[in-house]
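Asker: Going by UniProt numbering, the residue at position 450 of the sequence shown is 450; the numbering climbs one at a time, nothing skipped.
If you're looking for bench data, these hints aren't it; they were derived computationally from the structure.
Accuracy of the hints is not assured; some may be wrong.
For lysine to aspartate or glutamate, the following EDC-like pairs were computed, each having C-alpha atoms within a straight-line distance of at most 20 Å [as the list claims (entries may be wrong)]:
id	residue 1	residue 2
1	Lys277	Glu238
2	Lys461	Asp500
3	Lys272	Glu239
4	Lys272	Glu365
5	Lys752	Glu606
6	Lys352	Glu365
7	Lys680	Asp188
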Amino acid sequence: MATPQAPVQPPKRRRIGVLTSGGDAPGMNGAVRAVVRMAIHSDCEAYAVFEGYEGLVNGGDMIRQVHWEDVRGWLSQGGTLIGSARCLSFRERAGRLKAAKNMVLRGIDALVVCGGDGSLTGADLFRSEWPGLLKELVETGELTQEQVKPYKILNIVGLVGSIDNDMSGTDATIGCYSSLTRICDAVDDVFDTAFSHQRGFVIEVMGRHCGWLALMAAISTGADWLFIPEMPPKDGWEEDMCSIITKNRKERGKRRTIVIVAEGAQDRNLNKISSSKIKDILTDRLGLDTRVTVLGHTQRGGPACAYDRWLSTLQGVEAVRAVLDMTPDSPSPVITIRENKIMRTPLMDAVKLTKTVTAHIENKEFAQAMALRDSEFKEYHFAYKNTSTPDHPKMLLPENKRMRIAIVHVGAPAGGMNQATRAAVAYCLTRGHTPLAIHNGFPGLCRHHADTPVSSVREIKWIESDSWVNEGGSDIGTNRSLPGEDLETTAKCFEKFKFDALFVVGGFEAFTAVSQLRQARDKYAAFKIPMTVLPATISNNVPGTEYSLGSDTCLNTLIDFCDIIRQSASSSRRRVFVIETQGGKSGYIATTAGLSVGAAAVYIPEEGIDIKMLSRDIDFLRDSFTRDKGANRAGKIILRNESASNTYTTQVIADILKEEAKGRFESRAAVPGHFQQGGKPSPMDRIRALRMATKCMVHLESYAGRTPDEIAKDEMSASVIGVKGSDVLFSPMGGENGLEATETDWSRRRPKTEFWLELQDTVNILSGRSNKANAAAWTSYSEA
Numbered sequence: 001m002a003t004p005q006a007p008v009q010p011p012k013r014r015r016i017g018v019l020t021s022g023g024d025a026p027g028m029n030g031a032v033r034a035v036v037r038m039a040i041h042s043d044c045e046a047y048a049v050f051e052g053y054e055g056l057v058n059g060g061d062m063i064r065q066v067h068w069e070d071v072r073g074w075l076s077q078g079g080t081l082i083g084s085a086r087c088l089s090f091r092e093r094a095g096r097l098k099a100a101k102n103m104v105l106r107g108i109d110a111l112v113v114c115g116g117d118g119s120l121t122g123a124d125l126f127r128s129e130w131p132g133l134l135k136e137l138v139e140t141g142e143l144t145q146e147q148v149k150p151y152k153i154l155n156i157v158g159l160v161g162s163i164d165n166d167m168s169g170t171d172a173t174i175g176c177y178s179s180l181t182r183i184c185d186a187v188d189d190v191f192d193t194a195f196s197h198q199r200g201f202v203i204e205v206m207g208r209h210c211g212w213l214a215l216m217a218a219i220s221t222g223a224d225w226l227f228i229p230e231m232p233p234k235d236g237w238e239e240d241m242c243s244i245i246t247k248n249r250k251e252r253g254k255r256r257t258i259v260i261v262a263e264g265a266q267d268r269n270l271n272k273i274s275s276s277k278i279k280d281i282l283t284d285r286l287g288l289d290t291r292v293t294v295l296g297h298t299q300r301g302g303p304a305c306a307y308d309r310w311l312s313t314l315q316g317v318e319a320v321r322a323v324l325d326m327t328p329d330s331p332s333p334v335i336t337i338r339e340n341k342i343m344r345t346p347l348m349d350a351v352k353l354t355k356t357v358t359a360h361i362e363n364k365e366f367a368q369a370m371a372l373r374d375s376e377f378k379e380y381h382f383a384y385k386n387t388s389t390p391d392h393p394k395m396l397l398p399e400n401k402r403m404r405i406a407i408v409h410v411g412a413p414a415g416g417m418n419q420a421t422r423a424a425v426a427y428c429l430t431r432g433h434t435p436l437a438i439h440n441g442f443p444g445l446c447r448h449h450a451d452t453p454v455s456s457v458r459e460i461k462w463i464e465s466d467s468w469v470n471e472g473g474s475d476i477g478t479n480r481s482l483p484g485e486d487l488e489t490t491a492k493c494f495e496k497f498k499f500d501a502l503f504v505v506g507g508f509e510a511f512t513a514v515s516q517l518r519q520a521r522d523k524y525a526a527f528k529i530p531m532t533v534l535p536a537t538i539s540n541n542v543p544g545t546e547y548s549l550g551s552d553t554c555l556n557t558l559i560d561f562c563d564i565i566r567q568s569a570s571s572s573r574r575r576v577f578v579i580e581t582q583g584g585k586s587g588y589i590a591t592t593a594g595l596s597v598g599a600a601a602v603y604i605p606e607e608g609i610d611i612k613m614l615s616r617d618i619d620f621l622r623d624s625f626t627r628d629k630g631a632n633r634a635g636k637i638i639l640r641n642e643s644a645s646n647t648y649t650t651q652v653i654a655d656i657l658k659e660e661a662k663g664r665f666e667s668r669a670a671v672p673g674h675f676q677q678g679g680k681p682s683p684m685d686r687i688r689a690l691r692m693a694t695k696c697m698v699h700l701e702s703y704a705g706r707t708p709d710e711i712a713k714d715e716m717s718a719s720v721i722g723v724k725g726s727d728v729l730f731s732p733m734g735g736e737n738g739l740e741a742t743e744t745d746w747s748r749r750r751p752k753t754e755f756w757l758e759l760q761d762t763v764n765i766l767s768g769r770s771n772k773a774n775a776a777a778w779t780s781y782s783e784a
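Given the sequences, and given the hints that come with them, work out the whole structure.
Answerer: As structure tokens, this is what we get:
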């Protein structure tokens, strides 16, 4: 019998452990960082368990207290810096017994686990066995009753880290969008050689039981054909695939062919469909020069994208809050996200549902498997099938239901505009509608008088729009001018081209344009058609939505810029960079980027800047650099929105910091400018463009056959599609409860209520800028 250890006194503060298990996914480091700093901010102690459950079983130096500065710079690091290992011993009760003893000896009574469904299932089992494990440790003399008394309850909170996005109950898992980014970058690079040589490429991506990566990659790259485990192709798929590819190449003029296949792809008899088999079919039946690319583990590597940094940070913060809220009777939660809302879901409910999907696939119950995937997955699959090719005879509407749908871009360029237009065109052609592009916005429409030919309005062909799948900017052109500048000519043009519906893609100007057209309906009957706005602006300032196309692309561009700048700042050890972000009078981009790069401070128009704020931040920076003592990764970033202050410009703030630093540190200013608007759209902007544009087309076509007066009386005939909390929905612009009256701050060109403002507190907490966080950081530092 082992000699009992000396009694462990109950800690003064709660001790929260964090481990990563099962595999690695970009963003896990952000989750660990958030858990550690939020725990310290909440007057708890943070412990990192190295090498996953193996560290928990082995104990010793593999379980270590982690302090505030220990996780500095982790947001931009790929993989998991505390390690992840598959541990067979933890699957046995004897291993869990050792783990329980090690936790008691360390005084840890709560554990945040970031991993897949297997790792989270093991954690919940550990919690359920906890009382019995402690009882056995006392009975065998491994621990004393006094030692285990303070630790009768173990709290477990799960975070899902998985590039496959295979956990039910959540729209996204930590790492999935970073992995999708690697895939899209690889396929985008293949485009050039595929086009040049008119080649076919079969791209194999990860996903043994879940086709999320394959589906989203197919959408993002405009793949001709797709294979996923949940929905195998019907028998005879070889002929169907060859037929579609032949039509795309010979009848429509497409020079490249892309087929995306998940590694778990199979037919309806559960026979594996390999990438090599697909390649042979294309080569033998079509004579197509075909190559196979298996992306493998490159999909797991590299730094996390903006969304995964944002997601992992907010979920890590919520995990600590969940620990502090839990009671002995609370089921173990897993932190999830639905659209834009961070939520808590019973862990085992999510795991059970996930395993049920796999069981349905194994039983060839594919419809049930698809039904149990989240609604977002099903919508994307529907949108992909109906826009990847216009060859769907059964989808064609009767002649009297077909519409002439005008598409116009209004405002500044934003990533996703081309993809939304491409999706709208493909859906129109599938249904028999006529898609009409208005080039260069409303000035393009009105460039000539309505009685003369106007070349700025024309039909878009499928082959033209198909090439826009990965292009940034706006191929049909965009313009900030509004129809209100010449409503009479605009109405005549609407009549001349016989518009039956209007699809507007853009930012606050697009919102304003539709508002003007709606209000002018009484005077101009031509505007009595259904109109909807798909928000697309890096500023994310359109009423009726918490997400706008282009904002994610901007964030990714901005964090890449900040990562490089921070590298320079850290190399110089004692340097602060003040970086100016775009965003107009909305601080969304600055705040969310600040969260994603670990900014020391963020200045936004909603809060403004004053001399007291700058004085406090100078003191904060002096203290930080004093504690750092020239440590590695000590460079700091401050983000300032371009409209945060007319007086305290980016350069002025940098100069003030340099002057007041008194030699403790130096500062520089950096302005990325319009660099933030350019580049290829991010995968998120590409796939959301498809989903939302398709929903907009479905909404517009619902008005087919209705009279102008009937349309005008319907408040939803002028609407905005958007993400609100956990839902995607349309909101009316007019009426007593419409967006124009209730949610719009017209003078500041932004919504009256901005959901993201609460993120400012999180930025301040995790940077140490808030008074409580700063005190916690000092305590953590002094105790270390």
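Asker: Each of the hints needs a verdict: does it hold here or not?
Answerer: Checked hints:
1. Lys277 to Glu238: holds (10 Å)
2. Lys461 to Asp500: Holds, at roughly 19 Å.
3. Lys272 to Glu239: OK: Lys272 and Glu239 at ~18 Å, within 20 Å.
4. Lys272 to Glu365: holds (16 Å)
5. Lys752 to Glu606: holds (11 Å)
6. Lys352 to Glu365: holds (17 Å)
7. Lys680 to Asp188: holds (10 Å)
Hint compliance for this structure: no hint is broken.
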